[in-house]
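**Q** Top line first, the protein sequences correspond to chains A and B. With the first letter of the first sequence counted as 1, position 103 gets the number 103 in the numbering used here; the numbers rise by one all the way through. To convert, count from 1 in the second sequence and add 115; that's the numbering used here.
The set of hints was computed from the structure by calculation and includes no laboratory data. A quick note: this is a predicted structure, and the numbers were derived from the prediction, not measured. Please note that the accuracy of each hint is not assured.
Cross-link-like lysine-lysine pairs, in silico, BS3-like; alpha carbons within 25 angstroms at most [to be verified]: (1) Lys167/B with Lys118/B; (2) Lys57/A with Lys219/B; (3) Lys167/B with Lys57/A.
Examples of chain B residues toward chain A, derived with CB under 8 angstroms [claimed, not checked]: (4) Gly144; (5) Tyr147; (6) Lys167; (7) Asn168; (8) Asn169; (9) Glu170; (10) Ser176; (11) Phe217.
From the three backbone atoms N, C-alpha and C, an ideal C-beta is built for every residue, glycine too.
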Amino acid sequence: KAGVTQTPRYLIKTRGQQVTLSCSPISGHRSVSWYQQTPGQGLQFLFEYFSETQRNKGNFPGRFSGRQFSNSRSEMNVSTLELGDSALYLCASSLEGLSGANVLTFGAGSRLTVL
Amino acid sequence: DAKTTQPPSMDCAEGRAANLPCNHSTISGNEYVYWYRQIHSQGPQYIIHGLKNNETNEMASLIITEDRKSSTLILPHATLRDTAVYYCIVRDYQGGSEKLVFGKGTKLTVNP
Numbered sequence: 001k002a003g004v005t006q007t008p009r010y011l012i013k014t015r016g017q018q019v020t021l022s023c024s025p026i027s028g029h030r031s032v033s034w035y036q037q038t039p040g041q042g043l044q045f046l047f048e049y050f051s052e053t054q055r056n057k058g059n060f061p062g063r064f065s066g067r068q069f070s071n072s073r074s075e076m077n078v079s080t081l082e083l084g085d086s087a088l089y090l091c092a093s094s095l096e097g098l099s100g101a102n103v104l105t106f107g108a109g110s111r112l113t114v115l
Numbered sequence: 116d117a118k119t120t121q122p123p124s125m126d127c128a129e130g131r132a133a134n135l136p137c138n139h140s141t142i143s144g145n146e147y148v149y150w151y152r153q154i155h156s157q158g159p160q161y162i163i164h165g166l167k168n169n170e171t172n173e174m175a176s177l178i179i180t181e182d183r184k185s186s187t188l189i190l191p192h193a194t195l196r197d198t199a200v201y202y203c204i205v206r207d208y209q210g211g212s213e214k215l216v217f218g219k220g221t222k223l224t225v226n227p
């Protein structure tokens with residue numbers, strides 16, 4: 001079956017701009033979670049969506065937001081970009097969520113560079 | 116604020132078993148331990164997970180101590196392709212929100 005698809009794979013933005021990243025989960029998976037990975041901070045949890053609702057949230061400022069559509073596809077948006085937002089953004093999908101016997105399947109990531 | 120502790124790096128000879136330890140002393144009784152690995156700049160890949168009993172799949176074995184405060188991931192016959200960062204993860208629940216905290220992981224280098 002098809003894996004988790006993230007688009008775009010690479011993008012370059014300038015400070016102050018905004019960016020939208022897309023994630024298509026594995027068919028049948030209802031939970032989509034997002035992560036930011038930087039060399040200094042490692043992999044950090046952004047938020048999780050389930051049935052079009054944000055169910056869990058990490059410790060990121062309000063500039064980071066997301067949404068999930070009825071087909072479980074998800075987008076995340078970062079507004080007013082800062083240099084420190086340069087990172088690999090990963091999404092992961094699972095059947096029901098983050099806990100229990102749920103296994104996450106990750107996409108290849110979207111690498112954002114902010115100049 | 117990781118709930119797990121792992122050695123930052125380990126080396127293993129190709130063909131030998133790689134044993135990666137993880138300490139999760141604050142784990143709750145109903146929380147699973149998950150292992151993922153990440154090969155450079157790719158998305159993390161699921162390896163195995165367990166609750167109480169030891170688990171084995173086609174990739175690895177997971178040994179969980181009886182008190183559940185630590186576990187060991189075993190790659191029985193490591194290959195060069197197993198060189199990656201290995202993350203041991205448990206769920207974190209704070210302020211009404213749950214998340215998975217990845218920590219720094221263990222960088223495993225398999226040498227020829």
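**Q** For every hint, state whether the structure bears it out.
**A** For each hint, the structure was consulted:
| no. | hint | in the structure |
| --- | --- | --- |
| 1 | Lys167/B with Lys118/B | holds (17 angstroms) |
| 2 | Lys57/A with Lys219/B | holds (20 angstroms) |
| 3 | Lys167/B with Lys57/A | violated (28 angstroms) |
| 4 | Gly144 | violated (13 angstroms) |
| 5 | Tyr147 | holds (7 angstroms) |
| 6 | Lys167 | violated (13 angstroms) |
| 7 | Asn168 | violated (13 angstroms) |
| 8 | Asn169 | violated (16 angstroms) |
| 9 | Glu170 | violated (11 angstroms) |
| 10 | Ser176 | violated (17 angstroms) |
| 11 | Phe217 | holds (4 angstroms) |
Going through the hint list in order, the structure does not satisfy hints 3, 4, 6, 7, 8, 9, 10.
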